[in-house]
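Enquirer: For reference, the chains in residue letters:
Protein chains: 2
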Amino acid sequence: MGMDLNRYHPNNLKRVSSGMINVHPIQRGGILTEEARRVLLEWADGYSVCDVCLEGRVDLVKNPPIDEFKQDVAEFLGMDTARFTAGARHAKFAIMSAFKNGTLVLDSLAHYTSYIAAELNGIRVYEVPNSGYPDFRIDPEGYATTFERVKEETGRYPDLALLTHVDYRYGNLADARKVGKICEEYEVSLVLNTAYTSGIMEVDGKKLRASFIVGSGHKSWAATAPIGILATNYELADSVFRTSKLRGDWSGRAFTKKELALFGCSPVYGLPVMTLMASFPRVVERVKRWDEEVEKARWFVREMEKIEGVELIGERPKNHTLMHFESPAFHHIAKKHRKRGYFLYHELKKRKVFGVQAGMTKNFKLNTYGLSWEELEKVAWAFKDIAEKYGVEVED
Amino acid sequence: MGMDLNRYHPNNLKRVSSGMINVHPIQRGGILTEEARRVLLEWADGYSVCDVCLEGRVDLVKNPPIDEFKQDVAEFLGMDTARFTAGARHAKFAIMSAFKNGTLVLDSLAHYTSYIAAELNGIRVYEVPNSGYPDFRIDPEGYATTFERVKEETGRYPDLALLTHVDYRYGNLADARKVGKICEEYEVSLVLNTAYTSGIMEVDGKKLRASFIVGSGHKSWAATAPIGILATNYELADSVFRTSKLRGDWSGRAFTKKELALFGCSPVYGLPVMTLMASFPRVVERVKRWDEEVEKARWFVREMEKIEGVELIGERPKNHTLMHFESPAFHHIAKKHRKRGYFLYHELKKRKVFGVQAGMTKNFKLNTYGLSWEELEKVAWAFKDIAEKYGVEVED
Numbered sequence: 001m002g003m004d005l006n007r008y009h010p011n012n013l014k015r016v017s018s019g020m021i022n023v024h025p026i027q028r029g030g031i032l033t034e035e036a037r038r039v040l041l042e043w044a045d046g047y048s049v050c051d052v053c054l055e056g057r058v059d060l061v062k063n064p065p066i067d068e069f070k071q072d073v074a075e076f077l078g079m080d081t082a083r084f085t086a087g088a089r090h091a092k093f094a095i096m097s098a099f100k101n102g103t104l105v106l107d108s109l110a111h112y113t114s115y116i117a118a119e120l121n122g123i124r125v126y127e128v129p130n131s132g133y134p135d136f137r138i139d140p141e142g143y144a145t146t147f148e149r150v151k152e153e154t155g156r157y158p159d160l161a162l163l164t165h166v167d168y169r170y171g172n173l174a175d176a177r178k179v180g181k182i183c184e185e186y187e188v189s190l191v192l193n194t195a196y197t198s199g200i201m202e203v204d205g206k207k208l209r210a211s212f213i214v215g216s217g218h219k220s221w222a223a224t225a226p227i228g229i230l231a232t233n234y235e236l237a238d239s240v241f242r243t244s245k246l247r248g249d250w251s252g253r254a255f256t257k258k259e260l261a262l263f264g265c266s267p268v269y270g271l272p273v274m275t276l277m278a279s280f281p282r283v284v285e286r287v288k289r290w291d292e293e294v295e296k297a298r299w300f301v302r303e304m305e306k307i308e309g310v311e312l313i314g315e316r317p318k319n320h321t322l323m324h325f326e327s328p329a330f331h332h333i334a335k336k337h338r339k340r341g342y343f344l345y346h347e348l349k350k351r352k353v354f355g356v357q358a359g360m361t362k363n364f365k366l367n368t369y370g371l372s373w374e375e376l377e378k379v380a381w382a383f384k385d386i387a388e389k390y391g392v393e394v395e396d
Numbered sequence: 001m002g003m004d005l006n007r008y009h010p011n012n013l014k015r016v017s018s019g020m021i022n023v024h025p026i027q028r029g030g031i032l033t034e035e036a037r038r039v040l041l042e043w044a045d046g047y048s049v050c051d052v053c054l055e056g057r058v059d060l061v062k063n064p065p066i067d068e069f070k071q072d073v074a075e076f077l078g079m080d081t082a083r084f085t086a087g088a089r090h091a092k093f094a095i096m097s098a099f100k101n102g103t104l105v106l107d108s109l110a111h112y113t114s115y116i117a118a119e120l121n122g123i124r125v126y127e128v129p130n131s132g133y134p135d136f137r138i139d140p141e142g143y144a145t146t147f148e149r150v151k152e153e154t155g156r157y158p159d160l161a162l163l164t165h166v167d168y169r170y171g172n173l174a175d176a177r178k179v180g181k182i183c184e185e186y187e188v189s190l191v192l193n194t195a196y197t198s199g200i201m202e203v204d205g206k207k208l209r210a211s212f213i214v215g216s217g218h219k220s221w222a223a224t225a226p227i228g229i230l231a232t233n234y235e236l237a238d239s240v241f242r243t244s245k246l247r248g249d250w251s252g253r254a255f256t257k258k259e260l261a262l263f264g265c266s267p268v269y270g271l272p273v274m275t276l277m278a279s280f281p282r283v284v285e286r287v288k289r290w291d292e293e294v295e296k297a298r299w300f301v302r303e304m305e306k307i308e309g310v311e312l313i314g315e316r317p318k319n320h321t322l323m324h325f326e327s328p329a330f331h332h333i334a335k336k337h338r339k340r341g342y343f344l345y346h347e348l349k350k351r352k353v354f355g356v357q358a359g360m361t362k363n364f365k366l367n368t369y370g371l372s373w374e375e376l377e378k379v380a381w382a383f384k385d386i387a388e389k390y391g392v393e394v395e396d
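Chains as they are written, first to last, in this note's numbering: chain A, 1 to 396; chain B, 1 to 396.
Excised from the complex, chain A in its bound form (with noise of 0.2 angstroms):
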């Protein structure tokens, strides 16, 4: 074959944000806690958690204690029971197989794969409006707005509802403790995915009245990837976790224990679960530490609006380390750059500062979480002095 397999040889597969802060808003809550660093080499096998299984699912693996730790994990969340996915992506599919060809009511700040969950299950979908520019806010009346009018086009309240905690796009923190309230009053069942809070923040689904938590592992859990995390109550883990009914025309054979949404046994096995465990611990810790982050957030807004024309986008003050800003002193520099809107990647690549995606200079997202007070000075100081050089004011 023609193939250059060269290029996949070791030597050259290195990221290309080693040794730089990454500050990328999908990266800081997914960097493994050196306690999952330390059970790379022991797990990364394959199928390395099924060496004892005995049950067919790796939900009720005993060694290692992968039953007891969906359990511990529930139990965090402030719900019932729970298991594992390839992702939040996946659990939100799981959980909308369930309410196949329904009605969904959702937040239009939602993830890209809250609608395809629903998409791919024939859901149709009603958003919650946002206030628009420049916060961005969802007011929690506007799902009782949308379930009387998805009332009032197909005579009945939609069949689920879900709610982004914290949103991708401004990092905006739901009042989700509202939503919940409105949800349980309309009885429809709420998901709330809490991709970018759980795992980094305290989340207790049974105050917030969620029917179903979806978490993300790699983005919030310090885990490698995938794995979600999807944790609900017992009334309705029997419609999500059902098992399979099919039974073979010719051979009899049936899978009566395989849970039919996670593809009988949910594809975690391996390094997912055993880095999710194995920082577990730290993350039932860090949560409690969520204060100083958004402290830290909001230093870090101060110190970037002291940049002539940069200014925080979304809610106010921030509630959470994703934040997205507006530069149109930066665009303004990218317009006459020799490198264009790349000049600004490439600036703070060179100060050792990773994660503004390439191309961005007119808005872009970043997240502090987990960054000590003096690395989050070095990002502030990047950003600063890039500003200078190009003749931006900074104040002092």
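Hints were generated in silico from the structure; no laboratory data involved.
Heads up, a few of these hints could be off.
Repeated chains share a single entry, so a pair holds when one copy, or any two copies, can fit it.
[As the list claims (entries may be wrong)] Below, computed lysine-lysine pairings styled on DSBU-like, alpha-carbon distance capped at 35 angstroms:
1. K206 - K288
2. K62 - K352
3. K62 - K336
4. K14 - K258
5. K245 - K258
6. K257 - K349
7. K258 - K352
8. K100 - K258
This one's a predicted model, so the numbers in the text were calculated from it and none came from an experiment.
Chain A is already provided as a structure; the job is to place chain B on it using the hints.
Expert: Just chain B, lined up with the frame of chain A:
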């Protein structure tokens, strides 16, 4: 919380098979290559490969070279294009989601995930019989017969056929070429499930007339879990990899690049795709040495059958390294043994051999793939030594 977090400490997370020869049927082909081990630390963090994602889909990422890699994998399998999925189970789900509520003919030795993928998509399943004890062979002609049976029952030939290239129970190698030819004659698309073949032996989808090749990275391509391979031809790619059509009713948002059945962007970012990539050059090389693996397997069968009453079931001679034995003598011992059926598992462990399912003595399965001659001899010796210890005759 009252959780015992100490059990998740790395010191307490060791594989029970550590330091032993692991002949577990699903483990041999997923043991990482040295090259894959070398990329573990670099790529372990959550979304590592998404550092530079410009197009919003993991299979289009240029750095690391995933976009090129998927084409190399397709070429390696004799197909036009490929995607990576959350395991072979997800690949089968994705294919079948393009044939929703249709009909599927599959071999009666198919893996449960093939049935589950059909059930999840409302597909009606018809089985091709096998020859039963002791060979359990699939007669390719059974596909034609079953196609006719489907026509009789439903008025139409089936929408899809699936053949398990090597089955997980007996390790029988099905005659894919003949089945492919029949499918071609009937114009029924064939899914070839190569979870136990591609990655360890040569598979050429074009020659075999397969419309879809499904492979398992963690089972047979020396990758961390979960990663499946879904290769197809250009004609079918559009339907299986169809993109999202949904549009937000308030926001107008659309996700026209996201592939629906892969959850938009397939959850293989991070280690699964990177270890698959790092192992690929070795995989391309190792499939050429398959004959030697078959030779070793046959040698091993001969050695095992020197033990009184031990007999291979499934096809003979072996054409694969996964094998299934009956052993009435071990079963007889188990009946009187203090540890009952677990005695064999424990006796093997004492001899540093792992992977025969705990509790099994009457029948057991194992896989010799990739064992050196020396290791193979050790495994054969262990079984013989146990037999002799309990007074079971062993030929010289």
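Enquirer: Each hint: holds or not?
Expert: Results for each hint:
Taking CA atoms no more than 35 angstroms apart as the test, K206 paired with K288 passes inside one copy only; the shortest distance there is 18 angstroms, against 56 angstroms between copies. In this assembly of identical chains, K62 and K352 lie within 35 angstroms of each other by CA distance solely across copies; the values are 21 angstroms between and 44 angstroms within a copy. Taking the closest pair of Cα atoms, K62 and K336 come within 35 angstroms of each other only across two copies (27 angstroms); inside a single copy the shortest separation is 61 angstroms, beyond that limit. Taking the shortest alpha-carbon separations for K14 and K258, only the inter-copy value of 27 angstroms comes in at or below 35 angstroms, while the best intra-copy value is 39 angstroms.
Both within a single protomer and between protomers do K245 and K258 lie at most 35 angstroms apart by alpha-carbon distance, with minima of 9 angstroms and 31 angstroms respectively. In this assembly of identical chains, K257 and K349 lie within 35 angstroms of each other by CA distance solely across copies; the values are 29 angstroms between and 51 angstroms within a copy. With identical chains, the CA atoms of K258 and K352 are at most 35 angstroms apart between copies only, with a shortest distance of 32 angstroms across copies and 48 angstroms within one. For a Cα distance limit of 35 angstroms, the shortest separation of K100 from K258 qualifies both inside one copy, at 19 angstroms, and across copies, at 20 angstroms.
Violation of the numbered hints given earlier is absent; every hint is satisfied by the structure.
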